[in-house]
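Use the sequences and the hints to build the structure in full.
There are 2 protein chains.
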Amino acid sequence: MAFSIFQTLLGCLPLLCFVSVTDGMPDPTQRDLLIREEASRQTGGRVTLTAAEQELDAYLHRLKEKEMSAAQFPPALHFFRAKPLIQQSSIFKVLQKMPKGAALHIHSSSLVSVDWLVKNVTYRPHCYICFTWDNSVRFLFSDRQPFPRWNCFYWQLLETLRAKIKDPAGFDNSLMQRLTLFTEDPDGEYPNQDVVWEKFERAFIAAAGLITHAPVLRDYLYQGLEELHRDNVMYLELRSGLSKTYELDGTIHDKVWSLKTFQDVTKKFTADYPDFLGARIIFSVHRALSVSEVRAAVEEAIQLQKEFPDVVAGFDLVGREDSGRTLWYFREALSLPAEVGVTLPYFFHAGETDKEGTDVDQNILDALLFNSTRIGHGYALVHHPLAKDLSRKLDVAVELCPISNQVLKLVSDLRNHPAAVLMSEGHPMVISSDDPSLFGTTGLSYDFYQAFVGIGGLKANLGTLKELAVNSIRYSSLPAHLKDTALLMWQNKWHAFISDEA
Amino acid sequence: MAFSIFQTLLGCLPLLCFVSVTDGMPDPTQRDLLIREEASRQTGGRVTLTAAEQELDAYLHRLKEKEMSAAQFPPALHFFRAKPLIQQSSIFKVLQKMPKGAALHIHSSSLVSVDWLVKNVTYRPHCYICFTWDNSVRFLFSDRQPFPRWNCFYWQLLETLRAKIKDPAGFDNSLMQRLTLFTEDPDGEYPNQDVVWEKFERAFIAAAGLITHAPVLRDYLYQGLEELHRDNVMYLELRSGLSKTYELDGTIHDKVWSLKTFQDVTKKFTADYPDFLGARIIFSVHRALSVSEVRAAVEEAIQLQKEFPDVVAGFDLVGREDSGRTLWYFREALSLPAEVGVTLPYFFHAGETDKEGTDVDQNILDALLFNSTRIGHGYALVHHPLAKDLSRKLDVAVELCPISNQVLKLVSDLRNHPAAVLMSEGHPMVISSDDPSLFGTTGLSYDFYQAFVGIGGLKANLGTLKELAVNSIRYSSLPAHLKDTALLMWQNKWHAFISDEA
Ligand SMILES: [Zn+2]
Ligand SMILES: [Zn+2]
Chain U
1 MAFSIFQTLL GCLPLLCFVS VTDGMPDPTQ RDLLIREEAS RQTGGRVTLT
51 AAEQELDAYL HRLKEKEMSA AQFPPALHFF RAKPLIQQSS IFKVLQKMPK
101 GAALHIHSSS LVSVDWLVKN VTYRPHCYIC FTWDNSVRFL FSDRQPFPRW
151 NCFYWQLLET LRAKIKDPAG FDNSLMQRLT LFTEDPDGEY PNQDVVWEKF
201 ERAFIAAAGL ITHAPVLRDY LYQGLEELHR DNVMYLELRS GLSKTYELDG
251 TIHDKVWSLK TFQDVTKKFT ADYPDFLGAR IIFSVHRALS VSEVRAAVEE
301 AIQLQKEFPD VVAGFDLVGR EDSGRTLWYF REALSLPAEV GVTLPYFFHA
351 GETDKEGTDV DQNILDALLF NSTRIGHGYA LVHHPLAKDL SRKLDVAVEL
401 CPISNQVLKL VSDLRNHPAA VLMSEGHPMV ISSDDPSLFG TTGLSYDFYQ
451 AFVGIGGLKA NLGTLKELAV NSIRYSSLPA HLKDTALLMW QNKWHAFISD
501 EA
Chain G
1 MAFSIFQTLL GCLPLLCFVS VTDGMPDPTQ RDLLIREEAS RQTGGRVTLT
51 AAEQELDAYL HRLKEKEMSA AQFPPALHFF RAKPLIQQSS IFKVLQKMPK
101 GAALHIHSSS LVSVDWLVKN VTYRPHCYIC FTWDNSVRFL FSDRQPFPRW
151 NCFYWQLLET LRAKIKDPAG FDNSLMQRLT LFTEDPDGEY PNQDVVWEKF
201 ERAFIAAAGL ITHAPVLRDY LYQGLEELHR DNVMYLELRS GLSKTYELDG
251 TIHDKVWSLK TFQDVTKKFT ADYPDFLGAR IIFSVHRALS VSEVRAAVEE
301 AIQLQKEFPD VVAGFDLVGR EDSGRTLWYF REALSLPAEV GVTLPYFFHA
351 GETDKEGTDV DQNILDALLF NSTRIGHGYA LVHHPLAKDL SRKLDVAVEL
401 CPISNQVLKL VSDLRNHPAA VLMSEGHPMV ISSDDPSLFG TTGLSYDFYQ
451 AFVGIGGLKA NLGTLKELAV NSIRYSSLPA HLKDTALLMW QNKWHAFISD
501 EA
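From first to last, the protein sequence lines are chains U and G.
The first sequence begins at 1 in the UniProt record's numbering and counts up one residue at a time.
The second sequence begins at 1 in the UniProt record's numbering and counts up one residue at a time.
Incorrect hints may appear among the rest.
Copies of the same chain are indistinguishable here, so a pair counts whether it falls within one copy or spans any two.
To be verified - The calculated lysine-lysine pairs, modelled on DSS-like cross-linking and capped at a C-alpha distance of 25 Å, are:
no., residue 1, residue 2
1, K483, K268
2, K355, K93
3, K83, K93
4, K255, K244
FYI, nobody ran anything at the bench for these hints, they're computed from the structure.
Okay, here's the thing in structure tokens:
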């Protein structure tokens with residue numbers, strides 16, 4: 001019986017092919033080999049750990065067993081309920097200290113914690129606020145009373161308003177709530193994806209007036225890098241539409257200004273923090289645009305990349321896939337670079353959907369056919385065996401953002417996240433946070449926690465974490481020599497981390 | 001670009017290996033080939049449909065698009081909320097009429113709808129009831145006032161009790177609620193797996209006093225076959241512990257009596273309904289037993305199979321995996337048949353867990369190493385790439401019971417059920433209902449609906465349904481000649497179904 005089973009594995013497990021079993025019980029040694037062979041396939045399954053690493057690994061394993069058998073298992077809860085539990089988790093504390101490499105999937109409008117936006121930015125002079133009829137807010141910096149715009153007919157100077165308010169802490173909290181998805185009752189308030197996406201887009205718009213104020217943008221980007229650095233992240237690829245920015249007097253700056261500002265801030269930051277490697281931009285436009293608009297954006301991306309080769313990593317389409325247009329719809333626009341003989345790397349969001357079998361569900365295959373460097377989310381990838389094979393063979397990594405997928409209602413219990421399949425197969429993968437400020441996270445540690453404890457389960461180990469961190473450099477858009485630099489920097493941090501923890 | 005992609009697929013897609021692409025856009029024809037190649041991998045993806053079948057398929061596709069875009073999508077809701085929506089679904093109505101083949105994973109204590117148990121069985125004479133301190137009930141048929149037993153100190157004759165009750169319908173409903181998991185507020189009442197499993201086991205115990213009454217058992221089995229037959233199911237493999245049964249006067253019958261009764265009832269039923277093929281038993285004991293007790297049960301199974309080769313299909317271990325003992329724990333007992341040179345087919349529940357990486361999570365591999373004929377649930381299979389390969393190569397089908405997995409809180413939105421991965425890969429699979437009476441289903445149509453609409457998504461088609469039905473015969477325990485008979489019977493039914501529907 002067992003003989004035929006080992007014969008069946010012929011080819012993949014040559015070690016076992018010549019073993020024959022005569023009695024009825026499967027040979028425990030062979031069983032052990034199979035278990036270890038399977039474990040070796042997972043992300044980090046072939047990483048060899050040093051003695052000190054093994055010690056830390058054993059410690060993490062014990063902690064994880066404890067957390068898995070506790071009354072409340074954070075990855076099984078909505079993140080808004082799980083967050084305070086995670087903050088108390090000893091595993092989380094290790095993950096915060098761990099050098100995690102790069103954050104490769106974050107959107108610029110949601111980079112910095114809302115706390116900073118409200119407590120710092122909205123307290124700056126000349127900040128006006130308006131409350132719209134649809135229960136949203138708009139902000140605007142202006143040196144005079146703003147004209148009505150954006151459904152706003154009544155702008156109030158925040159300074160004046162705050163002077164009249166009796167409960168300033170309560171007021172600030174109400175502002176924070178407009179700028180994030182956080183709520184005490186996520187299941188009640190967001191009964192389905194449509195509702196949560198609506199709030200999501202509204203919060204984006206609310207933040208825009210603050211972030212696109214030119215002087216704020218500069219500080220905002222610096223603050224964003226600082227939050228990542230504090231969480232032991234060393235490099236960022238930021239998806240950004242490079243929105244126009246405005247000055248107090250109404251002067252408007254263009255995309256190039258934003259890019260230059262981004263470049264300046266990054267330079268200043270890496271000068272201040274030499275253990276931070278840098279940041280690049282993935283220029284992104286909304287998938288609600290027309291083909292000709294996307295074509296123009298692709299042309300613009302080519303141009304910007306030519307002018308800022310060190311800063312512009314490539315191009316992406318953003319916005320909710322289910323309600324947007326498919327990659328295939330934009331095929332003519334997306335073929336433009338190849339047509340004109342230029343390389344424009346793509347970093348497509350694809351497969352952030354549970355609408356199995358619809359047109360949108362083909363985005364992953366099309367992302368691959370358009371030679372995407374990575375795939376944003378790829379939530380639906382496991383339902384596409386051919387695309388999955390392809391992505392693996394082409395070494396196109398999936399950008400896994402577990403908390404985003406949960407908050408945007410693709411999955412409730414993260415143990416059911418499809419990335420558990422990818423992780424068990426060692427599929428190319430990096431961890432990111434998508435929209436940290438909207439979900440109430442900072443850095444990558446929360447998403448690493450969910451990936452490590454919830455998605456990876458008890459079998460994910462320190463080798464998994466190490467490979468995920470290394471992946472974030474390997475699958476970055478950095479040129480080879482900078483990848484080497486980054487890897488060296490990361491290794492030094494890792495050694496320090498291990499000796500501190502052991 | 002596209003050239004390298006097609007080269008990458010070399011080996012799996014020979015058709016495409018010689019195609020070269022020169023311009024920047026992926027060739028639409030080749031893209032189409034890839035999409036069709038992927039679609040062909042899914043369950044039923046290689047089934048050729050007749051013109052009439054294609055028509056029905058197109059109709060189902062349109063219905064599914066409509067249901068997927070409705071405000072409430074049944075597979076995304078808890079089944080207790082989804083059930084009334086499913087009952088109104090036109091897809092469901094087609095599935096009810098569709099010949100679905102065999103039900104291969106149903107437990108004997110939960111075979112018949114609770115409605116029948118309450119409205120028929122509890123109205124029989126001599127039926128006593130007792131309410132226990134832990135909010136459960138016990139039933140007992142007796143020709144005299146029963147002695148205290150099972151935590152029951154006060155037995156009331158139901159006839160007498162009912163005569164005193166003002167709201168008999170309300171009373172009957174309360175009985176039904178003790179015998180199923182149904183509740184208006186499943187999320188509130190069952191906050192986690194522990195709570196729902198506790199209620200689950202309690203409901204089992206409550207039903208036992210009714211079902212193990214010898215005269216009831218006979219009718220119960222007949223009624224069970226009738227409910228399956230009415231739902232166009234034609235064959236059953238029933239997991240049963242072959243509990244002892246009792247007569248009014250307290251006489252006790254043994255397992256052999258139960259087996260003979262099962263055989264008699266099946267014979268009578270197939271005589272009454274010649275288009276029903278029959279039923280077999282998978283003898284099952286609880287995984288809470290000790291090794292020596294399981295060893296004794298295996299011996300008993302061997303003996304019963306020798307005496308009733310046409311009825312006893314094999315052996316299984318039942319009960320919640322997470323709180324029970326692992327297959328490997330029972331390895332000595334399970335090796336017994338091979339040791340004594342006997343073949344005892346196994347049909348192990350394995351991988352009905354989300355505790356990734358625990359000992360229990362290895363049950364699937366061990367089921368395969370012990371040569372299991374099928375795998376009950378295999379919920380965790382997709383997280384085990386080696387076991388998955390093995391199960392595919394050995395052609396060991398997974399028994400998918402979607403509603404059971406949802407109600408027992410492994411997954412909330414069935415679009416996230418891991419079987420979606422298996423289905424997209426065409427993994428050997430059958431659909432069953434596990435504990436229909438506890439979940440409030442009858443037959444297989446509800447589970448087929450969830451598999452077809454929720455798990456399979458828009459891409460599952462009539463070919464998928466056809467293959468799933470055929471699989472239920474192919475992967476049954478029937479000997480080859482009976483499989484041929486069954487397949488012929490099923491094909492006749494299928495043709496009739498198609499001509500009725502077209
Ligand atoms: Zn994103
Ligand atoms: Zn079962």
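Evaluated hints:
Proximity of K483 to K268 under the C-alpha cut-off of 25 Å is restricted to the intra-copy arrangement: shortest distance 21 Å within a copy versus 75 Å between copies. Proximity of K355 to K93 under the C-alpha cut-off of 25 Å is restricted to the inter-copy arrangement: shortest distance 23 Å between copies versus 36 Å within a copy. For a Cα distance limit of 25 Å, the shortest separation of K83 from K93 inside one copy, 13 Å, qualifies, whereas the shortest one across copies, 44 Å, does not. Taking the shortest alpha-carbon separations for K255 and K244, only the intra-copy value of 6 Å comes in at or below 25 Å, while the best inter-copy value is 80 Å.
Every hint from the earlier list agrees with this structure, and none is contradicted.
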